[in-house]
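K.L.:
Protein chains in written order, with this note's numbering: chain A, 1 to 332; chain B, 1 to 332; chain C, 1 to 332; chain D, 1 to 332; chain E, 1 to 332.
Keep in mind that a hint or two might mislead.
As the list claims (entries may be wrong) - Restraint-style ranges between C-beta atoms, simulated for each label pair: (1) E:GLU118 / D:ASP156: 33 to 43 Å; (2) E:PRO74 / C:GLU118: 44 to 54 Å; (3) C:PRO30 / E:PRO74: 44 to 54 Å; (4) E:LYS226 / D:GLU222: 49 to 59 Å; (5) A:ALA324 / E:ASP160: 25 to 35 Å; (6) E:MET312 / C:VAL320: 20 to 30 Å; (7) E:GLY10 / D:GLU135: 56 to 66 Å; (8) E:PRO223 / D:GLU222: 27 to 37 Å.
Stated by the list, open to error - Heads up, simulated DSS-like pairs for lysine-lysine below, C-alpha to C-alpha not over 27 Å straight-line: (9) D:LYS69 / B:LYS226; (10) C:LYS69 / A:LYS200; (11) A:LYS200 / B:LYS200; (12) B:LYS200 / B:LYS69; (13) D:LYS200 / B:LYS69; (14) A:LYS226 / C:LYS200; (15) A:LYS69 / B:LYS69; (16) A:LYS200 / B:LYS226; (17) D:LYS200 / E:LYS226; (18) E:LYS69 / C:LYS226; (19) E:LYS69 / E:LYS200; (20) C:LYS226 / C:LYS200; (21) A:LYS69 / C:LYS226; (22) D:LYS200 / B:LYS226; (23) D:LYS226 / D:LYS200; (24) C:LYS200 / A:LYS200; (25) C:LYS69 / C:LYS200; (26) C:LYS226 / E:LYS200; (27) C:LYS200 / E:LYS226; (28) D:LYS69 / E:LYS69; (29) D:LYS200 / E:LYS200; (30) A:LYS226 / A:LYS69; (31) D:LYS69 / B:LYS69; (32) E:LYS226 / D:LYS226; (33) A:LYS69 / B:LYS200; (34) C:LYS69 / E:LYS69; (35) D:LYS226 / B:LYS226; (36) D:LYS69 / D:LYS200; (37) E:LYS200 / D:LYS226; (38) C:LYS226 / A:LYS200; (39) E:LYS69 / C:LYS200; (40) A:LYS226 / B:LYS226.
Simulated from the structure, these hints should not be mistaken for lab results. Bear in mind that the values here come from a model prediction, so they are computed numbers and not experimental data. Beta carbons are placed, not taken as given, at the ideal position from N, Cα and C, and that holds for glycine.
Now for the letters of each chain:
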Amino acid sequence: MIAAQVYDAGGVETIHVDSESDLQRARDAPGTTWIRVSGATPAEMETVGRVFSVHALELEDIRNDVRPKTEEFPDHTFLLVKSATLRRGETTFDEEVRTLPVGLFVGQDWVLTLTVEETGVPAVERVWRSVENREGRVLVNGPDFAAYRVVDRIVDEYFDLLSEVGDTIEVIEDAVLEGPDADVLGGLNAVRRDLLSFRKVVWPTREAVSVLARGDAAYVREPTEKYYRDAYDHLVEVVDLTETYRDLARGARDIYLNVLSQSTNEVMRRLTVVATIFIPLTFVVGVYGMNFDGGAWNLPELGWPFAYPAVMLGMVAVTVVLLAHFQREGWL
Amino acid sequence: MIAAQVYDAGGVETIHVDSESDLQRARDAPGTTWIRVSGATPAEMETVGRVFSVHALELEDIRNDVRPKTEEFPDHTFLLVKSATLRRGETTFDEEVRTLPVGLFVGQDWVLTLTVEETGVPAVERVWRSVENREGRVLVNGPDFAAYRVVDRIVDEYFDLLSEVGDTIEVIEDAVLEGPDADVLGGLNAVRRDLLSFRKVVWPTREAVSVLARGDAAYVREPTEKYYRDAYDHLVEVVDLTETYRDLARGARDIYLNVLSQSTNEVMRRLTVVATIFIPLTFVVGVYGMNFDGGAWNLPELGWPFAYPAVMLGMVAVTVVLLAHFQREGWL
Amino acid sequence: MIAAQVYDAGGVETIHVDSESDLQRARDAPGTTWIRVSGATPAEMETVGRVFSVHALELEDIRNDVRPKTEEFPDHTFLLVKSATLRRGETTFDEEVRTLPVGLFVGQDWVLTLTVEETGVPAVERVWRSVENREGRVLVNGPDFAAYRVVDRIVDEYFDLLSEVGDTIEVIEDAVLEGPDADVLGGLNAVRRDLLSFRKVVWPTREAVSVLARGDAAYVREPTEKYYRDAYDHLVEVVDLTETYRDLARGARDIYLNVLSQSTNEVMRRLTVVATIFIPLTFVVGVYGMNFDGGAWNLPELGWPFAYPAVMLGMVAVTVVLLAHFQREGWL
Amino acid sequence: MIAAQVYDAGGVETIHVDSESDLQRARDAPGTTWIRVSGATPAEMETVGRVFSVHALELEDIRNDVRPKTEEFPDHTFLLVKSATLRRGETTFDEEVRTLPVGLFVGQDWVLTLTVEETGVPAVERVWRSVENREGRVLVNGPDFAAYRVVDRIVDEYFDLLSEVGDTIEVIEDAVLEGPDADVLGGLNAVRRDLLSFRKVVWPTREAVSVLARGDAAYVREPTEKYYRDAYDHLVEVVDLTETYRDLARGARDIYLNVLSQSTNEVMRRLTVVATIFIPLTFVVGVYGMNFDGGAWNLPELGWPFAYPAVMLGMVAVTVVLLAHFQREGWL
Amino acid sequence: MIAAQVYDAGGVETIHVDSESDLQRARDAPGTTWIRVSGATPAEMETVGRVFSVHALELEDIRNDVRPKTEEFPDHTFLLVKSATLRRGETTFDEEVRTLPVGLFVGQDWVLTLTVEETGVPAVERVWRSVENREGRVLVNGPDFAAYRVVDRIVDEYFDLLSEVGDTIEVIEDAVLEGPDADVLGGLNAVRRDLLSFRKVVWPTREAVSVLARGDAAYVREPTEKYYRDAYDHLVEVVDLTETYRDLARGARDIYLNVLSQSTNEVMRRLTVVATIFIPLTFVVGVYGMNFDGGAWNLPELGWPFAYPAVMLGMVAVTVVLLAHFQREGWL
């Protein structure tokens, strides 16, 4: 679906786009023209490609969801970024990073946003509506500023996403220290995968925006560069956070292995305590359960008057000594 | 086997190559000449080397299957790339990366492809056939574009290969979380080895193509550079994916160790539960199996009326208490 | 709360700031003017922003606590740094890095410090008081030197913080070698998290100060650069120490895993020693507890005169042999 | 021992070197002079140092076996490389990297090779003999080409060495997956150490040769640079292979830990199966071995007609149930 | 304590320094003046600072033992390096890196060495004595060469230190493969800490010396640069060795974990063998120890003539089968 609005400091006018000539008229209207193509069909892509001299390779890049980048063209600057959200599944730690490509084409007095998602991409929709509502700063600035606002929105989404991942890691870290649990392992795996996917999006985005921030893009005017520099700073922070979270996830996994080993160690100690005490005792009572009866040398103690209490006391004594020993070693 | 076709926007002509003079005629024919040498014998190599001024070191590099690279020569640009496919063995995770060297020589109005594999390399064959079938874009563009098409095909194969490896990793990740299994370890090892081999191919290919993409090759004309830049972008993505998959494989291996430790932990708990309950009880019944008979102090309880039920009840009570304890600790 | 003092080599004058015009008067007073805004409210921020031409994005950066940085503006240099302290909790290893943003704006003959913490930031307060007390070096040097003094204080805090973390790591290292302990794991996790947070502060601070140290800031005069170079050297050392401590923490965690594995190994050996000795013996006494009585072939040894002592001696002999064996293997 | 031969396209002449004046005559003879010093004594070093203006520091570097490097001197280029071979010990995985320093001095029309090993270094000897045998390419090219041939030989040795290490790793990888084995651990350690030693040789060699390859050495003529570039390409490959093999060795070690953990897990399962089945049964038979006889409530079941078969059947039933349970869990 | 000697190719003269004017006279004496301050007191520091225009920050850097560095001043070059030795404790692996700061100030015709250690720093003392003894090369070269000699000495100490650490690692590696041992863990920890401390010294030293080696220091004359380049080469080697040793220590730690896991695995196997054989047998003899006597169906086998030998033979048979099984699996 193709929509267009033309705006300047004075106001906003929505232009109905039904045909290629509508599009040309919108492009040529005085003021800044924003053409928004959402859920772009091949036919629509071809049309806007023709009207705005967009190269087929650019459109293909959006469709194929390749990595974010900036490219300079004779009459526009092309910026491909990706909206990223965390889609949660049904179980506790089941979550996945979902990305949607957003193509931004900034020309002299027009900006073209192109998304292939049927329902539109929230970051684009939101800035579009802020123009509709005649919100101040976008109206007085040119098309490069509108593009910046979309990028800014998307970077905000990145922070939201990271914050959610951070929460998950914190839950996992607490769970890790509390003891072994199969869910936690699945969660660690999910977080690790999320951060790897997210990183694949963020690194190239940082590179792409840095081009605009340092003034290498023909259609980003000098007063707007400051804003792109700000977006770039935020992206640097996003990249840092991603690496920090990866480090935390890795650390949590290592700690988990230590927790497991510690738990196994304790389980083994208990078993050893029980076995060390009772296996010898069982041997002793086994001795007095033997049926030797060949004369005075065979188990004479069975007939002694206080043999039973003596044996029992002896066993209690051994147990006490062993328990004291284990106590001293900190096994109990 | 040497084959040649001469083409331009107007059409394609296949030239029969039997001798060195045929080859010279093909080279000098008007239009773009593509000479395809497949399953190249030493004699054939020498012949084309002579006709197209190809240095002996270049031919040796193809034969020795050295790492991909670009080299500039007075009258042609030499690009050595490698086709890579995944050859699956008979067992689940038995797979191996198989590479075939492809030499591409781009001259003023000729392109020479040289492969040593008997059956030819699919990526080359496919572009060759597209010329035979007079498919549009190759015909109107020069020899540098034909070479690009071969490179593009090979990069597509890389994505296919990575996608297969990605599937294997996913299968392994699921298997890892399901429990210890010797096959999984073999699979992790195979994937790790695949990615290391593949990486050895992809890294230098990226470097080699970057030379063409940034316009440092004399025989790649300016309008074709855009395509090489596209191929370069894809190779960057391939390298990224390779690293991501290596990270995933490493993570899966670490998770596997955790899963194993967890499983061992649980096995030990079961053993400890069984031992902690039954070893003391066995001691108790051993006590009443002793044969002391030396008078009133020796095992008088054996003669008490309700001794047996009392002992049994006592043991049941101990068992219940222990079970409750283990239950509370989450061991059951 | 806004406070101002104007000083030069001759003395210090405190200016009461109640309104925007007070602020303007302070700014225009001869000598160096230091305006300190602590626990800055939005209204105060707006006021100083207007009077000192501070961009809204700078103020927002302080409020949002973004990463440290230096930015050049037409009439001032903006430096955002962070004070960092270690807040200890109640348990042994419960500690957390707490950071407070400090905005430093250095103009031609004024310096503006801006903090949002209600109670003020100690590093700023301390330098402020040293001006009040007419301490020598700050008075004779310009506003860039006052800013340096604040940075220097903050870097000193970094060293203090690292020294505390270093102490914790040392305590943990000793505890690690002494044996498995759940507290230690929590401590390792806490230290790891501290160092990651701290690193996120220190790395960009180093970058930010390096800009001032190499003379790229318009409002840092040449004689002051030497001091910033000194601060930069210290920050390099802080970064080094942070990485070294991270390495130490990681190493401690790996050693801990080894200690645990070793402990488990020893526990298993004990269990194996006990079981290997007593389980066979228990079997033997079980044999002589059997009730066969079907004739001469059934347990005739029960009736032999010295059977019992012989069996007991045999068992002692086996035990001695086994103990000697375990002794030789170093298991005891 | 000092030997010299003078050669050009026309032929080779061996010059007997007994004194410093012989050396000077050899140096000044028309054509290319190659002086080979093998098993160099301090006196010989001093002599050649004097005749060929070789700095004492260079000679010391060869004697002290420092890292490979290239140095430019007024009248010669100094290249220090190292021959490396794998010396196998007596046990399976006992192998060690052995390096021998080779000093190459390339002047205007002379080349000097200097080795300290008594028996000479094979790579040098081999090229020396190829000159003796009047093999084509060396004779027609200058002293820089002779030096290249020695370097090329040494790089070939590197590939041989790596190929041997690769074989060892493959043997280890197979052994690792087959089960725990102390030899394998020693082998992993040996390979790790080999690769670290080898890497210390190869990295600086690559740097040293790159200087010659990019034309920064005064005494390497332009047509020979192509050959050094080839050697450089091979060294890059050697470095790559070294890192790949290190990765493989590391991976094998990690997999080994997993194999061990898995084996321990299986051992524990077996123990747990045996203990879970027989310990409770032993308790049961213990119960009926008790000697209570105090009346009707004491073990009345001992007197029941079918008590024994009933108990036995019950125990069989329990065993069957447990086995089915373990079967279902995949423990058997 | 301040000492001074003035020397040139002709000889050495020691100057008694009691006052600031002595110092000035020494500074202005013809020839090269070396002022050695050892165990420097604050007063002495101030004096030399005044006489040789040394900045207070430099002196503070020496006192605070900050990281090595080179700094350029109008009339001298300041080089801060550190002497490092390994101080061994009483137990086997108890060792620690101890560093002493050495300040080197190189002027036009004077060199000033400043150390704070009471007993002096050996590297400085040694070169000082070689001047006293009129050893050749120092006398004929200027102050920059004397400083080089001190640096050279210190770098030699680094090699000694690394060689000692290398020996320790070798002892540990052998101990690691021989079996689990708590001492080894402590040793690994000590080595790891040593190498981290040492690395913190060596990395910046390399940077500092590289400044002198590449001719960026005003007071290092061109003929002396060659020597600093040599020192730089050695420092590169020291850094390499440090990383290699860190890698070795890390590898030893990983191997140790594997050795431990293997040992645990073997311990468990023994336990399992013993338990698998004797626990079932004990059950069997328990069966025949039961006291059923309720008639013909109750343990009739007790009365059979050859029951006992049959049971014993059956148990031997089971044991043999199990032993053969364990033998086949390689558990014995």
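K.L.:
Each of the hints needs a verdict: does it hold here or not?
P.N.:
Results of checking the hints against the structure:
The hinted range of 33 to 43 Å is not satisfied by GLU118 (chain E) and ASP156 (chain D), whose Cβ atoms lie roughly 58 Å apart. At about 48 Å, the beta-carbon gap between PRO74 (chain E) and GLU118 (chain C) stays in the expected band of 44 to 54 Å. The supplied range of 44 to 54 Å is broken by PRO30 (chain C) and PRO74 (chain E), whose beta-carbon atoms lie about 33 Å from each other. Checked against the hint of 49 to 59 Å, the pair LYS226 (chain E) and GLU222 (chain D) fails, with Cβ atoms roughly 28 Å apart.
Against the hinted window of 25 to 35 Å, the Cβ-Cβ separation of ALA324 (chain A) and ASP160 (chain E) comes to about 51 Å, which falls outside the hint. Our hint of 20 to 30 Å for MET312 (chain E) and VAL320 (chain C) holds, since their Cβ atoms are close to 25 Å apart. Between GLY10 (chain E) and GLU135 (chain D), the C-beta spacing of about 58 Å keeps the proposed range 56 to 66 Å intact. PRO223 (chain E) and GLU222 (chain D) have their C-beta atoms about 31 Å apart, which keeps the hinted 27 to 37 Å range intact.
Between LYS69 (chain D) and LYS226 (chain B), the direct Cα distance comes to roughly 41 Å. Violation of the 27 Å bound is thereby established for this hinted pair. Distance check on the hinted pair: LYS69 (chain C) and LYS200 (chain A) sit about 26 Å apart at the alpha-carbon level, within 27 Å; holds. The straight-line distance between the Cα atoms of LYS200 (chain A) and LYS200 (chain B) is roughly 21 Å, inside the 27 Å bound, and the hint therefore holds. Proposed proximity of LYS200 (chain B) and LYS69 (chain B) is supported: the alpha carbons are some 12 Å apart, at most 27 Å.
Between LYS200 (chain D) and LYS69 (chain B) the CA atoms are separated by roughly 26 Å; this keeps the pair inside 27 Å, and the hint holds. Distance hint between LYS226 (chain A) and LYS200 (chain C) is fulfilled; the C-alpha atoms sit about 24 Å from each other, no more than 27 Å. This hinted pair checks out: LYS69 (chain A) and LYS69 (chain B) have alpha carbons roughly 26 Å apart, not beyond 27 Å. Of the pairs offered as hints, the one joining LYS200 (chain A) and LYS226 (chain B) holds, with about 24 Å between alpha carbons and a cut-off of 27 Å not exceeded.
Of the supplied pair hints, the one linking LYS200 (chain D) and LYS226 (chain E) holds, its CA atoms being roughly 24 Å apart against a limit of 27 Å. Only pairs whose Cα atoms come within 27 Å are accepted, and LYS69 (chain E) paired with LYS226 (chain C) is accepted, the gap being roughly 15 Å. Between LYS69 (chain E) and LYS200 (chain E) the alpha-carbon distance is near 12 Å, which keeps this suggested pair within the 27 Å criterion. With a C-alpha separation of about 26 Å, the suggested pairing of LYS226 (chain C) with LYS200 (chain C) holds against the 27 Å cut-off.
As the CA atoms of LYS69 (chain A) and LYS226 (chain C) are separated by approximately 41 Å, the hinted pair breaks the 27 Å bound. Pair hint LYS200 (chain D) plus LYS226 (chain B) does not hold up; C-alpha atoms about 41 Å apart against a cutoff of 27 Å. A distance of roughly 26 Å separates the Cα atoms of LYS226 (chain D) and LYS200 (chain D); the hinted pair therefore holds under the 27 Å criterion. With a C-alpha separation of about 21 Å, the suggested pairing of LYS200 (chain C) with LYS200 (chain A) holds against the 27 Å cut-off.
Pair hint LYS69 (chain C) plus LYS200 (chain C) holds up; C-alpha atoms about 12 Å apart against a cutoff of 27 Å. Of the pairs offered as hints, the one joining LYS226 (chain C) and LYS200 (chain E) holds, with about 24 Å between alpha carbons and a cut-off of 27 Å not exceeded. Our distance criterion of 27 Å between C-alpha atoms is broken by LYS200 (chain C) and LYS226 (chain E), whose separation comes to about 41 Å. For the hint linking LYS69 (chain D) to LYS69 (chain E), the alpha-carbon distance of about 26 Å falls within 27 Å, and the restraint holds.
A threshold of 27 Å between alpha carbons decides the hint, and for LYS200 (chain D) with LYS200 (chain E) the separation of about 21 Å falls inside it, so the pair holds. With a C-alpha separation of about 19 Å, the suggested pair LYS226 (chain A) and LYS69 (chain A) falls inside the 27 Å cut-off, and the hint holds. In summary, the hint linking LYS69 (chain D) to LYS69 (chain B) is supported, as the alpha carbons are separated by about 26 Å, within the 27 Å threshold. The suggested pairing of LYS226 (chain E) with LYS226 (chain D) is violated, with an alpha-carbon distance near 30 Å, which exceeds 27 Å.
A hinted pair counts as satisfied when its Cα atoms are at most 27 Å apart, and LYS69 (chain A) with LYS200 (chain B) qualifies at roughly 26 Å. Annotation: proposed proximity of LYS69 (chain C) to LYS69 (chain E) holds, straight-line Cα distance about 25 Å (limit 27 Å). The suggested pairing of LYS226 (chain D) with LYS226 (chain B) is violated, with an alpha-carbon distance near 30 Å, which exceeds 27 Å. Of the pairs offered as hints, the one joining LYS69 (chain D) and LYS200 (chain D) holds, with about 12 Å between alpha carbons and a cut-off of 27 Å not exceeded.
Taken as a hint, the LYS200 (chain E) and LYS226 (chain D) pair is broken in the structure, with Cα atoms around 41 Å apart against an allowance of 27 Å. Restraint check for LYS226 (chain C) and LYS200 (chain A): the C-alpha separation of about 41 Å exceeds 27 Å, so the hint is violated. For the given pair, LYS69 (chain E) sits about 26 Å from LYS200 (chain C) by alpha-carbon distance, which is consistent with the 27 Å threshold. Restraint check for LYS226 (chain A) and LYS226 (chain B): the C-alpha separation of about 30 Å exceeds 27 Å, so the hint is violated.
Hint violations for this structure: numbers 1, 3, 4, 5, 9, 21, 22, 27, 32, 35, 37, 38, 40, all remaining hints satisfied.
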